[in-house]
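Listed here are the chains, written in short residue letters.
Protein chains: 2
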Amino acid sequence: MTIEIQALIIGAGPVGLFQVFQLGLLEINAHVVDALPHPGGQCVQLYPDKPIYDIPALPATTGRDLTDLLLKQIAPFSAPLHLGQEVTTVQPRTDGRFDVATSTGTQFITQTIFIAAGVGAFAPRKLKLEGMEPFEGSQVHHTTAQPGAWAGQRVVVLGGDDAALEAALQLAENSQVTLVHRRAAFDAAEPTQAAVQALIAAGRLQFVVGQITGFESAPRLAALHITTPDNTTQTIPLDHLLVCLGLSPKLGPLSTWGLDMQRKQLQVSPETFATSTPGIFAVGDINTYPGKKKLILCGFHEATLAAHAAAALIYPEQKVPLQYTTTSLRLHQLLGVA
Amino acid sequence: MTIEIQALIIGAGPVGLFQVFQLGLLEINAHVVDALPHPGGQCVQLYPDKPIYDIPALPATTGRDLTDLLLKQIAPFSAPLHLGQEVTTVQPRTDGRFDVATSTGTQFITQTIFIAAGVGAFAPRKLKLEGMEPFEGSQVHHTTAQPGAWAGQRVVVLGGDDAALEAALQLAENSQVTLVHRRAAFDAAEPTQAAVQALIAAGRLQFVVGQITGFESAPRLAALHITTPDNTTQTIPLDHLLVCLGLSPKLGPLSTWGLDMQRKQLQVSPETFATSTPGIFAVGDINTYPGKKKLILCGFHEATLAAHAAAALIYPEQKVPLQYTTTSLRLHQLLGVA
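These protein sequence lines map, in sequence, to chains A and B. Residue 11 is where the first sequence starts when you use this note's numbering, and the numbers rise one by one after that. Residue 11 is where the second sequence starts when you use this note's numbering, and the numbers rise one by one after that.
Do not take every clue at face value.
Note that the list lumps identical chains together, so a pair holds whenever it fits in one copy or between two copies.
[Said to hold, decoys possible] With a cut-off of at most 25 Å between alpha-carbon atoms, the simulated DSS-like pairs for lysine-lysine come out as follows: (1) K303 with K60; (2) K138 with K329; (3) K60 with K274; (4) K82 with K60; (5) K274 with K329; (6) K304 with K60; (7) K60 with K329; (8) K302 with K329; (9) K329 with K303; (10) K304 with K329; (11) K329 with K136; (12) K274 with K136; (13) K60 with K138; (14) K274 with K302; (15) K274 with K138; (16) K136 with K302.
Hints are computed from structural coordinates only; laboratory data are not their basis. Quick caveat, the model's predicted, so the values are computed rather than measured.
Kindly produce the complete structure, drawing on both the sequences and the hints.
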């Protein structure tokens, strides 16, 4: 089934969500696509509970709270969120609209597109070691297996952040686990670190400081070579390697849509936030223009002006006036507060 | 005493207040001047308790609440507010700074100026009737007298809004009051209207529908001519006239500072929000640039980019980097959350 819409927003971070609001005030209904399984984007993925102090009139908030507030604000517009899927193709149509498809097969025909993709879709950062590729998915993993799937097996967990330590703790219940991190200090919550140190002290978790510099295979992946800070090499036999090196943003297919890019950013006009392709706008951290600051509050402004520019495209017959939410009865109806 | 400062913000509305915050993050200390006796500007003056729905991540707020939140957010920077005074003169100095004076005699020497003056300073709207000027202050007033000052006298209250009706109610306790409004319907809160109607019914308040079209004086102001909707003229003898026609914004001396203006708005660059005079920036409803929308949230963005442009002027030796309030330890110190 193809969904025919006026506006597609790529990215459900704070700016993408506020884009729904500004389009809604102009009576443009939008759908939203995001690669992550939840709204909030980078904010919720990278710092859900850390305070943010520079959202105007919110002296202190968090990524999670900011997202919840924005979801509440856009609720009157009931914009469908298509989560856990990336936009893979954008094709201009002869009627001036765009064919858009996502990685899970959702298909849209849309009049306008708002790219609010931040620094790109987040994907697990990969271990860069030549010759490892054939083991991806069978012995080299980026997410931990179902509980018990590796029971009794030898597992190396690579990394020192919360995700790595939590995986090591969980796997140590059923598997022989070696935690490998490039330095002795971890970058994780205190209680998690303490639990890991306790397991190490009890001999139920091995810990090696060093980097993976080679491996043995015959033909399955059989052992890793770890080069330690004193430049000796240790060999660790294993059945599975779990790589927990964090998330890395990737622009993905966006870079192939033929838009004007400069250092991985989309050039836009500060009057309309339109890209070089009519009908495609870019707002938030993904865009650039003279004076650009990568701040959420600037993205809110950009989404507002982009919505007005889109209204001129979608409703070419009528001049869309700026109305105020405090006084406009029409806006009160749209917001459900009439 | 002359106050030497880095930045002077003219206007304590939401955008002027957030200007304090963005300058503070860049370690630029600011003072604020406003003509009104309280912070919050137009928002608090015109719609203190009406809901505002389009401040990002505040699904519903009011002018008063928004102001309180912003005051809380800028509290770490302890910016002095000089209220109840208008900036009257701005003079460039030979050292590149500006001499600034206010209507109450406060004097500043400042490196930069941020005009966040909205639609201008608010002043009571005057009755336009030739020959009335000589009675201003003695018999024609824009604010009500001390309670009892007009006791036993004949007072005409002109207007139909909350301020007019409340003044009529209060004055009717001691004076002979005639309320004059151009139409029979009032524009005021229900309970206030009901109280006025009750006084009229009881014969303790006269009400005339019409407009003041002339007057008699000999030599004091002795009577008003009121032309009613059926085109007859009524003569009302009086001692005092209280004009309650609302507030009207006026640009005031700003229009004489030699800045590039277009239809009472300051032309700015959307990269820096600088005016035609280096060192003077304009943010919020007072400025214009391609795509401009008069929205508070856009003013927040403008104040942010203007602050960065000012930092480049104030700290020419060092490139001022963009830091994030979530991660920067320096910003945590400045915000008092280290």
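**Message:** Regarding K329 and K136, is the shortest C-alpha distance of 25 Å or less found within a copy, between copies, in both, or in neither?
**Reply:** Result: close neither inside a copy nor across copies, 50 Å intra and 34 Å inter.
**Prompt:** Is the C-alpha distance from K136 to K302 at most 25 Å within one copy, between copies, in both cases, or in neither?
**Reply:** neither (31 Å within a copy, 44 Å between copies)
**Message:** Checking an output row: K302 and K329, CA cutoff 25 Å. Within, between, both or neither?
**Reply:** between (29 Å within a copy, 15 Å between copies)
**Prompt:** How would you label the pair K274, K136 (within, between, both, or neither) given a Cα cut-off of 25 Å?
**Reply:** within (20 Å within a copy, 57 Å between copies)
**Message:** My question is about K274 and K302: at a cut-off of 25 Å on alpha-carbon distance, are they close within one copy, between copies, both, or neither?
**Reply:** within (14 Å within a copy, 27 Å between copies)
**Asked** From the Cα coordinates, with 25 Å as the cut-off, is the pair K304 and K60 best called within, between, both, or neither?
**Response** within (18 Å within a copy, 32 Å between copies)
**Request:** Go through the copies and call it for K303 and K60: within, between, both or neither, with a Cα cutoff of 25 Å.
**Result:** For K303 and K60, only the intra-copy Cα distance (21 Å) is at most 25 Å; the inter-copy one is 32 Å.
**Message:** If the cut is 25 Å between Cα atoms, do K274 and K329 qualify within a copy, between copies, both or neither?
**Reply:** between (35 Å within a copy, 23 Å between copies)
**Prompt:** Is it within a copy, between copies, both, or neither that the alpha carbon of K60 lies no farther than 25 Å from that of K138?
**Reply:** Neither: 30 Å inside a chain and 58 Å across chains, both beyond 25 Å.
**Asked** When no copy is specified for K60 and K274, does a C-alpha distance of 25 Å or less occur within a copy, between copies, both, or neither?
**Response** neither (27 Å within a copy, 43 Å between copies)
**Message:** My question is about K274 and K138: at a cut-off of 25 Å on alpha-carbon distance, are they close within one copy, between copies, both, or neither?
**Reply:** within (22 Å within a copy, 60 Å between copies)
**Item:** K329 and K303: within-copy, between-copy, both or neither at 25 Å Cα
**Value:** between (31 Å within a copy, 14 Å between copies)
In this structure, the hints that do not hold are numbers 2, 3, 7, 11, 13, 16, in rising order.
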